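Trainee: What follows is each chain in one-letter form.
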Amino acid sequence: MRRGAGRAAAAAGTALLAAGLALPLYLVLVASVTPEADLFEGMAWLPPDPTAEHYRALFTERDFWLPLRNSLVVAAATTLLCVGLGAACAWALARLRFRGRGLLLAGLLVVGLFPQISLVAPLYLLLRALGWIDSYPGLVLPYLTFAMPLAVWLLVGVFRELPLELEEAAWIDGASRLRAFREVVLPLAAPALASTAILTFLYCWNEFLFALSFTLGPERQTVPVAVALFRGEYRIPWGQILAASVVATAPVAVLVLAFQRRIVRGLTTGAVKG
Amino acid sequence: MRQAARSEVRLAALLVGPALACVLALAVLPIAWTVWESLHRHDLRLPWLGRPFVGLANYGEALGDPRFWSALAHTLFFTATSVALELGLGLALALALHRRFRGRDALRTLAVLPWAIPTVVAALLWRFLFEGPASPANAVLLRLGGEPLAWLAHPIWAWVPILAADVWKTTPFVALLLLAGLQGIGDELYEAARVDGAGPWRSFCHVTLPLLRPVLLVALVFRFLDAFRVFDLVYVLTGGGPGTATEPLALYIFGALLQKLRFGYGAALSVIAFGVGFALALLYVRLLGARPAGAQR
Amino acid sequence: MNGLASGLQIRLCRFDSGPGLPLAARGLRPLLLLALLACGAPSTGTVVTFPGSALGAEGELLQRQVERFTAVYPEIRVELRRTPDAADQRHQLYVQWLNARAPDPDVLQLDVIWTAEFAAAAWIRRLEAPAPDLADFFAAPLAAARWRNHLYAMPWFVDVGMLYWRTDLLEAPPRDFAELERAARAARVRGDVTWGLVLPAARYEGLVTVFLEFLTGFGGGILDDSGRVVVDRPPAVRALATLRDAIRGSGIVPADALGWQEEQTRFAFQNGRALFMRNWPYAWALLQDPERSAVAGRVGVAPMPAGEAGRAAGALGGQLLAVNAASDVPEAAQRLVEFLTRPEQMLERARVLGQHPPRRSLYTDAALQGALGISAARARELLERAVPRPATPLYTELSEALQVHLHRALSGQEEPAAALAAAAGEMRRLLARAGLGDGA
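Chains as they are written, first to last, in numbering that gives the first Met the number 0: chain P, 0 to 273; chain D, 0 to 296; chain X, 0 to 439.
Careful, some of the hints might be misleading.
Not everything, but these chain X residues come out facing chain P in the computed CB check (under 8 Å) [stated by the list, open to error]:
1. R81
2. T82
3. L92
4. A99
Label pairs and their calculated CB-CB ranges [said to hold, decoys possible]:
5. A11/P - A56/X: 51 to 61 Å
6. D64/D - R227/X: 16 to 26 Å
7. A18/P - F223/D: 26 to 36 Å
8. P136/P - R350/X: 42 to 52 Å
9. A70/X - P65/D: 55 to 65 Å
10. G16/D - P136/P: 55 to 65 Å
11. A18/P - W156/D: 17 to 27 Å
12. R142/D - P47/P: 15 to 25 Å
13. A56/X - R142/D: 37 to 47 Å
14. R291/X - F100/D: 45 to 55 Å
15. A14/P - R350/X: 51 to 61 Å
16. A14/P - A56/X: 46 to 56 Å
Computed footprint of chain D on chain X; a stretch qualifies when at least three of its residues, placed anywhere within it, have a C-beta under 8 Å from a C-beta of chain D [unchecked claim]:
17. 217-231
18. 249-258
19. 405-418
Hints in this document: simulated from the structure, not taken from any laboratory.
Just so we're clear, the structure is a prediction, and the values are computed from it rather than from any experiment.
Even for Gly, the Cβ is constructed at its ideal location relative to N, Cα and C.
Please take these sequences and the hints and turn them into a complete structure.
Mentor: This is the structure we're talking about:
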């Protein structure tokens, strides 16, 4: 009897939690198809006369493809660099014996945890000197400061979990360590590399402070910056802002739905930056 | 053997080199540059003043500015409050997810979603929920028989949407972390507690909490560091207002750097923020013992 | 930066297609190019970049006017660059561009409050041979285009703060603030409206323009004629106290307005929620659209009311066109500025966008009638009386200090006198630090 009541209470609590998580998302979805003037006067559970106007305006008047493309280019380039260079670095840190290994690892972690704002001033002056303010490299380079430590840290964990015996077997077969890494370790770690790539990509896609600081105008703005600065001379077009929010979230939502387990695993093994 | 060791070091240098070079060039050197910059007066907006060396004057100005101190206080208040809420709620969510029930996978996906969406979007979403006399938040207030509030225009109530947004967005992350910890606790321990006659509450206090302690610590320190950097959320939700009542340190520094273009002064503020953040990060690494797997092993 | 590179590329391509050059000279191409550009004469392949709004009716209009310009000057090509529409974002963008001495964009669209800052930093070019009919321009926007007695920009359109009122609920607009308050209270008691007056009071530049109108209404100012900070004097304290009481005391202004910019203010008024609205001229045409506006045909426009001891005045706003000091093609850029500020183009802007032209002579023109929502004579009167914000290179910083304390006072965190004393103190320090002195 008590057990049943407890279970019911737990179920109710769980349902409440689920509602708390989902409700804001639902409201935004509804609002993004509600006409602008109605938004100001409050909103309904279901839009009385839904309109795709905000989405249309987003892509025809605002050219929202531009920030989408910018985000994609920057996040993909950063992810490739980080997973590529990071995998080599992480494997060396996990498997090779050399002095200062622990220190390096700790140093990387500390860098990954820097307050980002303290890097804005020097990176701005550096990029300005290089003429890279408002350019793709001007975003990819700053992104490496947090994405590289993240990727290396996640991958060190991955490589340490792989059984050493397989690598050793390869050496006995006469393979060099580097070849063992390439031909045995990397294929084995491919799924983990993929989840690291997904996490890195998510972080870059969502990054705001650097993108806000190192771009100048709509030409190179990434999605979060474009959405946050979505204002006209006099107005805050909520309809379009919310439509843009939905569009900005869509790729992330797809990734999450497709790779939920993998993301959770990456997050919790990392436990560091995630 | 010696030969092999040397070749191993050479290989390590080759592999570690590029990644390390990136981090050194982009994060470590720039910090040194910031320290140097912070000793100068460098206002990009007033080019006729040049870039004279001014010693510690910028630090003096920062420490003498009440807006700096209130920004620091706001940051610490936000950090403490949001972390406490997130750990409490995160634990509840983790316990809920730990049980077996229909739709658990769906709930888990739902939980990852707020964490994965851009912070800017989360902030806009909560701003929308709280902005204006007819906002959904005010609709709830009216339904409960209250008066509508101008949330974002009130120095204290403005914290509500900020904290709500942060809790909504990060609690799931904390929960997933703790869930991983929960799953590492063997069933036999609960079984033993049950045999000893412990009820669910006692076994939570005497088995779950102590064994979860390391993960809780990781979650705590990590969230603390992350909350200390808060920027996106406030930038979008209140812009630091009303007045500067919700302005955190990062926003204050951003304003000095990229709105006023006072690079000398902004650099001094950055060094201060870095000092505090660095100390916290070191603490974190010490606590973790520089092991990658804190939650799962 | 990339835009810059592509601009250069375009120039180089054009040069290639020009008259055949001896091979040896091709190596010197960049030098030759510089020499050619330095000659100044807009040569074939001159490209002028101009950042402007790409949105809606304004973007289309600009496109049309630029096409007309190219028909007159076929040797000049105009490249439109997209920029943010929000003034503070555009300002930040310009400062970063100009500070980096980027030669693009060639023509800049300035807010009236930026001229001093950009001119003092030598970021914009003195207009050597200005249009001959400067006398035709209103004094205030023309003054906003000058710095230290030199002309640095041309007024493009002017804005002035105005009081919108409901003609169905009121016989005549209020002449002073006490009258406005009485009418607002009465209308709320009758249940005609939720709020008396709506105005943009978020912490941004717009708040300073609203405050400036109250300030002028009470006989105060921000800086005096010799550049001293006077915003902590008694008239200013009375003005701020009045505005504060309207929000926190009588409640005729909603506290939500502390988060509003122009557009939320317009929505509140357009949905019939308020008796009065303080806004810019742009709102007129939108309020008259019966499709979207619940108050179409029931709106009047009047000057902002005065307080005690002051005069009724709207804040001066508007945009100017200037030439980047680092521009490679200053003559062509100036030609574009001159063309866009001709009477015909201004009239078209007024008709399509409802923007007030800065030329006096146009206010007798029959073409302007009906475009502005008020009679041309009345509009002219408002503009003659418009009160400008201080012209100082530090304006944006001074304004930011003021905004913070105004917002604190209006949200009940500081008393008006204390808020203004703190703001004035910060403003004096800023002026002293920049070597511009305060003297007070």
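Trainee: Hints numbered earlier in the text: which of these fail when held up against the supplied structure?
Mentor: 10 and 17
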